[in-house]
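Visitor: Here is what each chain is made of, one letter per residue.
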Amino acid sequence: MEQSLRSMQQTTNRVLQVLNFVLAGGCLFFLIVFVMLVWASFLPGDSFSIEQGIEQWALNANLTENGTSFFSTVSFRHLPSLPEHRINVKAAFLVQLFFNLLIYLSLFIYAIYQLKQILLTMYEEDGPFTMENTIRLKRLGWLIVGYALLSDLIVLLAMLVFSTHTFSISYEVINFTALIIGAVLLILAHVFQYGSFLQHEYDTTV
Amino acid sequence: MAIIIRLDRILADKKMKLNDLAEAIDISNVNLSNLKTGKVKAIRFSTLEAICQELNCQPGDILEYLPDN
Chain A
1 MEQSLRSMQQ TTNRVLQVLN FVLAGGCLFF LIVFVMLVWA SFLPGDSFSI
51 EQGIEQWALN ANLTENGTSF FSTVSFRHLP SLPEHRINVK AAFLVQLFFN
101 LLIYLSLFIY AIYQLKQILL TMYEEDGPFT MENTIRLKRL GWLIVGYALL
151 SDLIVLLAML VFSTHTFSIS YEVINFTALI IGAVLLILAH VFQYGSFLQH
201 EYDTTV
Chain B
207 MAIIIRLDRI LADKKMKLND LAEAIDISNV NLSNLKTGKV KAIRFSTLEA
257 ICQELNCQPG DILEYLPDN
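For the protein sequence lines, the chains are A and B, in the order given. Residues in the first sequence are numbered from 1 upward in steps of one, following our numbering. Residues in the second sequence are numbered from 207 upward in steps of one, following our numbering.
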């Protein structure tokens, strides 16, 4: 029993190291995107170009005169397939960076941080079944459900207001994969709630 | 609580310290202290059996029922 617990803690330790690495990478990428956003906001409109692909747009920003550029792809779900002259490319680029990447990255970093906190309770407390972890999972679940329902819609509306001024919507604004992940996390939070009740019963029995 | 733990009384009768009992029945001092002060919600039969064996007493000597009113 003790050996199995020790082996579990070793696995947790390895997972924690991976999570720390991913968290650091996420923060670094967030910083890069933020710097790009600030940099791109000061560039003139003709530094941006757009190219239509099969399922997405390719947005390109020329950062310096010697050809250094930064590009991002935007799905037709966010930026409808319109003639290029009807799209404000700079605004589309900034909206893509701010609403899509920054919101997505913030959520990603938050999720990884919460997972790390949950794993840390394996070390610092008697087990992961605590009310704090239940609340963490619930918060994460609702956040992902909110992301699934609203994120694409927010990006689409931001594109409408700042870039295209043309309203176009499809059923694909709901991210069903994220919705299912959120629902699974909420169910898991419910299981954790029962688990934390059982853990309390166990802890108060001698 | 309706069930009162009389461990302190029986320990005094047997002239035994809490630490010695904890060591004898292989249970942590903190847990036994929690049991003595009534901070726990349940006691395992195995723990009760070990205490009774060590103190040479009956479960009724350790647990006492007092109606709430």
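Calculated directly from the structure, the hints in this document are not laboratory data. Take these hints with a grain of salt, some might be off.
[Claimed, not checked] Chain B stretches covered by chain A per the calculated footprint, using a threshold of three residues with CB under 8 Å from any CB of chain A: (1) 215-221; (2) 258-271.
[Unchecked claim] Label pairs and their in silico Cβ distance ranges: (3) B:Lys221 / A:Val18: 52 to 58 Å; (4) A:Gly127 / B:Thr243: 23 to 29 Å; (5) B:Asp232 / A:Gln193: 30 to 36 Å; (6) B:Asp274 / A:Tyr123: 39 to 45 Å; (7) A:Leu143 / B:Asp232: 42 to 48 Å; (8) B:Lys245 / A:Glu132: 18 to 24 Å; (9) A:Arg139 / B:Lys245: 29 to 35 Å.
A virtual CB, placed ideally from N, CA and C, is assigned to each residue, including glycine.
Visitor: Are there hints from earlier that the structure breaks, and if so, what are their numbers?
Guide: 1, 2
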